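J.: Sequence:
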Amino acid sequence: MNRRQLLQSGLVAAAAITLRPGKTWALGGVAPEIGSSAPDFELAGTNLNDPEKNRWTLSDWSGRWLVLYFYPRDFTSGCTIEAHGFQDTLTEFQKLNCEITAISADSVEDHESFCNSEDLGFTLLSDHDGVVSRSYGSWMAPYSLRHTFLIDPSGVVQARWTGVRPVGHAQEVLEALKGLQTS
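Here this note's numbering is used: the first residue of the sequence shown is 364, the next is one more, and so on.
It should be emphasised that the hints constitute simulated quantities derived from the structure, not laboratory data. Remember, it's a predicted structure, so these values are computed and weren't measured experimentally. Do not rely on the hints blindly, as some may be mistaken.
Okay, derived cross-link-like pairs now, EDC-like style, lysine to aspartate or glutamate, Cα gap no bigger than 20 Å in a straight line [as the list claims (entries may be wrong)]:
1. K458 - E396
2. K416 - D451
3. K541 - E462
4. K416 - E472
5. K416 - E455
6. K458 - D515
7. K416 - E462
Each pair of labels, with its calculated beta carbon distance range [what the hints assert, rightly or not]:
8. F438 - R528: 30 to 40 Å
9. D403 - N460: 28 to 38 Å
10. D403 - Q457: 31 to 41 Å
11. G542 - S400: 35 to 45 Å
Every residue gets a Cβ at the ideal spot worked out from N, C-alpha and C, and that includes glycine.
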């Protein structure tokens with residue numbers, strides 16, 4: 364067996380051991396399965412509409428749908444496009460009993476600047492050490508990867524998107540929410 368064959372067989376064996384059926388692997392770890400409970404969290408953050416609040420948990424959205432999206436960095440072009448997409452459709456989401464929350468490794472101060480600069484009316488949370496991002500399969504240090512999860516009022520993941528393209532993504536999630544609510 365030559366070196367290349369040995370390496371290939373080792374990779375195949377590692378994949379067979381690591382990638383178990385029923386798990387969705389994404390860069391950054393294991394993404395929660397559709398139909399499973401969303402991983403709980405507690406993070407510092409900011410929301411221009413609730414300036415006194417500075418910490419959020421998943422249960423803060425209990426009884427409402429939640430779009431939880433992860434993104435790499437404030438003020439970058441793709442992240443700004445994605446944030447604007449969700450801001451532009453925020454009222455439509457809220458009419459469907461759904462809130463938007465975004466998570467990245469940026470500091471709370473950076474999030475405050477981003478919210479003010481881009482006039483964002485939804486919550487941005489700071490996951491500086493990547494613990495929450497990892498629990499959602501969305502961490503590649505030092506950044507969160509662009510993944511989105513649609514969580515129902517009971518805290519169950521109903522849809523997910525990995526490797527998201529920012530343009531048109533908010534509308535895609537909105538259509539999925541409408542479909543889930545009418546089925």
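J.: The structure should be examined with respect to each hint, and the outcome stated for every one.
T.: Cross-check of the supplied hints:
1. For the given pair, K458 sits about 27 Å from E396 by alpha-carbon distance, which is inconsistent with the 20 Å threshold.
2. With a CA separation close to 23 Å, the supplied pair K416 and D451 exceeds the 20 Å bound.
3. Distance hint between K541 and E462 is fulfilled; the C-alpha atoms sit about 14 Å from each other, no more than 20 Å.
4. A hinted pair counts as satisfied when its Cα atoms are at most 20 Å apart, and K416 with E472 qualifies at roughly 14 Å.
5. With a C-alpha separation of about 24 Å, the suggested pairing of K416 with E455 is violated against the 20 Å cut-off.
6. Taken as a hint, the K458 and D515 pair is honoured in the structure, with Cα atoms around 15 Å apart against an allowance of 20 Å.
7. The hinted pair formed by K416 and E462 meets the criterion: a straight-line CA distance of about 16 Å does not exceed 20 Å.
8. Taking 30 to 40 Å as the suggested C-beta distance range, the pair F438 and R528 does not conform, at roughly 19 Å.
9. A hinted range of 28 to 38 Å for the beta carbons of D403 and N460 is inconsistent with their spacing of about 21 Å.
10. Between D403 and Q457 the beta carbons are some 23 Å apart, a value that contradicts the proposed interval 31 to 41 Å.
11. A beta carbon spacing of about 21 Å between G542 and S400 contradicts the range 35 to 45 Å that was offered as a hint.
Checked against the numbered hints above, the structure violates hints 1, 2, 5, 8, 9, 10, 11; every other hint is satisfied.
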